[in-house]
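Asks: One-letter residues, chain by chain:
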Amino acid sequence: MTDAYIFDALRTPRGKGKPDGTLHEVPAVRLSAEVLNALKARNNLEGHAVEDVIWGNVTQIGEQGGCLARSAVLYSDLDERIPGVSVNRFCASGLEAVNMAANQVRGGAGQAFIAGGVESMSRVPMGTDGGAIAADPYLAMKTYFVPQGISSDIIATKFGFSRDDVDAYAVESQKRAAAARDAGRFKSIVPVRDINGLEILANDEMIRPTDMQALAALNPSFKAMGEQMPGFDAVALMKYPELERIEHVHHAGNSSGIADGAAAVLIGTKEFGEAHGLTPRARVRATSRVGTDPTIMLTGPVPATERVLAAAGMQIGDIDLFEVNEAFASVVLRFLTYFNADHDKTNVNGGAIAMGHPLGATGAIILSTLLDELERTGKEVGLATLCIGSGMGAATIIERV
Amino acid sequence: MTDFTLKTDKDGVAVITWDCPDKSMNVMTFEALGELEACVDQALGDDKVKGIVITAGKDSFAGGMDLNVLAKLRDEAGDDPAKGVFDGVMDMHRLLRKIELAGMDFKTKKGAKPVAAALPGTAMGIGYELALATHRIFMADNPKGKVGLPEIMVGLFPGAGGTTRLVRKMGAMAAAPYLLEGKTLAPGKAKSAGLIDEVVAPEALLEAAKAWVLQANEADLVKPWDAKGYKMPGGTPYHPAGFQTFIGAAAMIHSKTQGVYPAAKALLSAVYEGAQVPFDTALRVEARWFTSVVLNPVSGAMIRSLFINKGALEKGAVRPEGVDDQRVRKVGVLGAGMMGAGIALVSAMAGIEVVLLDQDQAAAERGKSYTESYMDKGISRGKATPEKKEAALALITATTDYAALKGCDLIVEAVFEDPKVKAEVTEAVEKVIGDDCIFATNTSTLPITELAKASKRPEQFIGIHFFSPVERMALVEIIKGKKTGDRAVAKALDYVRQIRKTPIVVNDARFFYANRCIIPYINEGVRMVGEGVAPALVDHAAKLLGFPVGPLQLIDETSIDLGVKIAKATKAAMGDAYPDDAVDEVIFWMAGQGRMGRKAKAGFYDYDDKGKRLGYWDGLAEKYPVREEQPDLTEVQLRLMMAQVLEAVRALEDGVLTDIREGDVGAILGWGFAPWSGGPFSWLDMIGAGKAVEICDYLTETFGARFTTPDLLRDMAGKGETFYGRFGAEAKAA
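Which chain is which? The protein sequence lines are H and U, in order. The first sequence lines up with residues 1 to 401 when you count with my numbering. The second sequence lines up with residues 402 to 1135 when you count with my numbering.
Possibly wrong hints are sitting among the right ones.
Claimed, not checked - Just so you have them, the derived chain H footprint on chain U, three or more residues with Cβ under 8 Å:
hint, region
1, 655–668
2, 894–905
3, 941–955
Claimed, not checked - Derived PhoX-like pairs: lysine-lysine, alpha-carbon spacing no greater than 20 Å straight-line:
hint, chain 1, residue 1, chain 2, residue 2
4, H, LYS239, U, LYS657
5, U, LYS545, U, LYS784
6, U, LYS545, H, LYS142
7, H, LYS223, U, LYS657
8, H, LYS142, U, LYS657
9, H, LYS239, U, LYS784
The hints are simulated quantities; they were obtained by calculation from the structure and are not laboratory data. The model shown is predicted, which means the values in this text are computed figures rather than measured ones. Glycine residues also receive a C-beta, built at the ideal position from the N, C-alpha and C atoms.
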């Protein structure tokens, strides 16, 4: 089997995903083109250099509809002979794009791919593309559908994470993110510029200092929809009758932020690198994707990690650094307690709670963060994993070469 | 037999009149649909006919579909019951659609003949669905008239286009109370709600409908959903507003029904899928989901117990033959406590004269004032009138004087549950009442045969077990003592019919029927807590079976001290055979901790000052720690279910129950036994005797002899029988 190498990994800074966010003015297609152009420029990707652009993108409607991947290629400086495919694995779309690219390279279906993703949550709000899982009564009842926020609270209730536990995790995430930013550790960031080359955003803008008192003042976000209208807690308790009630511990301060952003990763064979004069930074060792209980929904990182470890023939102790997407604090706490993993090796530069979670891009973003940190600390093996809507998980193990 | 007739008047209005011979209210059959179609065809094909009015020859329009017909469609379709039902339903759609389009050319929207419905009164189910297919609905201002689609109450949903048309007419959200809750409205309110178009005086009904037909223009005859540019009110599922509606609806219906009512689920799917396709496709989608519900054994069981058999019991299916009308004219209620006050209330509301007697006048007056406050509440909610209140109060005499009981033809004794007190009262009363008077004792636990010993005429002595609160609970358990005679039974049955409740008649044995089954249900729940099963799992498991309250919540309501009292008495009676020491350990300890239940604001649950239930009491987990490994939900459910169901089977074996219909209907109405199942016997039939024996054997081996398979069940399993197969004929003959 051919090895798949990562030659480069770039991302935009993450903007606040609301109308007052700095990247709100930038269409998703241009945000995509920004990172594609940067990747092309840094790696001399002239002509038909790559086989495909595999582009994670969740809310594929409006300006993100109509196969945004192809639109982004045409909008960018890439050659028109390079096609594009939008992929939707919800929150792991960006990582799924990387995994698909790596596995096509490994299987010999192309020399090189650009993988990554984008989401402008400020311009195309989450959920506006509908979805049978929530609205089709047959399916919603069959799966005991509840929104993700309720699922995150089910995790906290079932595994006993208190409000203090999740808040403490969030405070630490903010601290780590601020420290990483101040130390200039996010090497993979390329600033977003306007059509005249003027800088629009150069750094993640959602990081903010906080403490336990400040977080304690926030109201739980999912209590009303859980306990009143339409009463999702009652549905959750049908699925988990051993629980007396759902404890609502998550709020805006310990959940991932709504964000705008894009990321791109260049993946190819050794020969591709040689032909283009590129030095591989890491090898994709193994990938995984799993389906899990759709109601609790967000416990996928555990089985996805077990599966990717098995595929790599590794143990949890073989991993030097973890990136576990901070969709909600309880998701990471569940991962840490299940594997008895070291928080000091996990999300060492903060995560989505501090910097935001542009759905289609995050998977590729955390992979770039992981690679930057492996290089900075001289470590070898890193694992990135994300929980995924409707009950899925995905993971990737990379190792430096 | 002719149910529909056609007559065209001089102005060219064809009046189709629905009038089922020998029936007080019209019900629809497939034969009748054929007649209706012939009338419609004739009217549409006749050039002299300018328009059509569909009306009824009674003071109501129709009660609905003959529910036996649906079962027939299924049963007579041979190898392919789905096809039989689906084709039958599609035939209905085709006919109603023919009425709705009335000859219209779909492209030009021209050429239709006006069709109006003229409803003299109540129009339920297909009665209303037929009206919905016409162009305008007129209804007489009939005080008894109601409009609605109550199908959901018997495990179905409106399947003759009512679902599709009502949702398209008013939107999913607005239609929900009628479709999902079976809400029915009187004419005035039905008009404001948009269910019907016009309310007119009864004598002007037909003329008003005819006048409209003669002046209607072409635009009047195009239904909104057949017009260009139609948009569903409230939005279809993938419009922003509609999306939120449908997400919320699925969650609410799922939790409200605890997932055990297939009809509610299927209804919502029919609405969701139907909203996204053209009207005729939506009808086809509705028919597919409706067919799935008809084929589901749940709808059959619900129809049988909640409609057919409940109705039969109310009409006197088990009344002794050859006994004259025993309707009560004057009832003496002894004891004006909570039960007595409730019994006085329901009796007075039925127009029966009531003597409400207690030891002191103040207590008697308090009992009477219960009726006053009940009626006041009804007036404030618009459900009663000051006249009705006065009429009810005028019928109740509150007194301490036994002599006032003279002239009573029924006594209902509702004093303390103490055999001595009851005996004294019985003797005192028998001195003043007439020879014909029947004496009934209201008790939930005391054996009737024993109580009857205080009576000089035990053949006129009977048990009537009311459930609390009397005015809300639909079931009355009538208990025959060893010597109780037929006239006493007939009297009790006729009385229960007067107060519009549902009777079951059982023989005398400890706890009769209902409590005999409820007690093991509660005990099994308590026992599990003692074993370290999470209390939440116990109560939730019961709710997920469709029980209104879990066993721990139930014992908090009925009180721990009552549980202790019953346990002690039962143990005294049973001696060494007593099987529930493990239960007693928990409840005696609870009692010792002062956790007497909701009335003490402290039981298995904590309560706030107002008695609102909070969470489970922390002390419970300290004493009975929740085990790390919890049992499967299914195992907990089977224990809770079998604890009651086997008791019902034993009651049948022992002859306490003589009719499985009473066992099923009584369980649903008496203690809310999983209504979707049709009752304990229907549930056993649904899973099959063989499977039931398997479950019992497993439970016996794992949890003890209380789950021992009854011989009857094992015999049935061996023969491949069902309860309704084995006892159905008898039940019908009874």
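Asks: Does LYS657/U sit within 20 Å of LYS239/H, going by the straight-line distance between their CA atoms?
Replies: holds, 14 Å
Asks: Are three or more residues of the region 894–905 of chain U within 8 Å, CB to CB, of chain H?
Replies: violated (count 0)
Asks: With a cut-off of 20 Å on the C-alpha distance, tell me whether LYS239/H and LYS784/U pass.
Replies: violated, 39 Å
Asks: Three residues or more, CB to CB closer than 8 Å: is that satisfied between the region 941–955 of chain U and chain H?
Replies: holds (count 3)
Asks: Between the alpha carbons of LYS142/H and LYS657/U, is the straight-line distance 20 Å or under?
Replies: Holds, at about 15 Å.
Asks: For the region 655–668 of chain U, does the count of residues with a C-beta closer than 8 Å to a C-beta of chain H reach 3?
Replies: holds (count 5)
Asks: Is LYS545/U within 20 Å of LYS142/H, Cα to Cα?
Replies: violated, 42 Å
Asks: Decide if the proposed pair is consistent with the structure: LYS545/U and LYS784/U, CA atoms, cutoff 20 Å inclusive.
Replies: Holds - the C-alpha atoms of LYS784/U and LYS545/U are around 13 Å apart, at most 20 Å.
Asks: Take a quick look at whether LYS223/H and LYS657/U sit within 20 Å of each other, Cα to Cα.
Replies: Holds. LYS223/H to LYS657/U sits at ~19 Å (cutoff 20 Å).
Going through the hint list in order, the structure does not satisfy hints 2, 6, 9.
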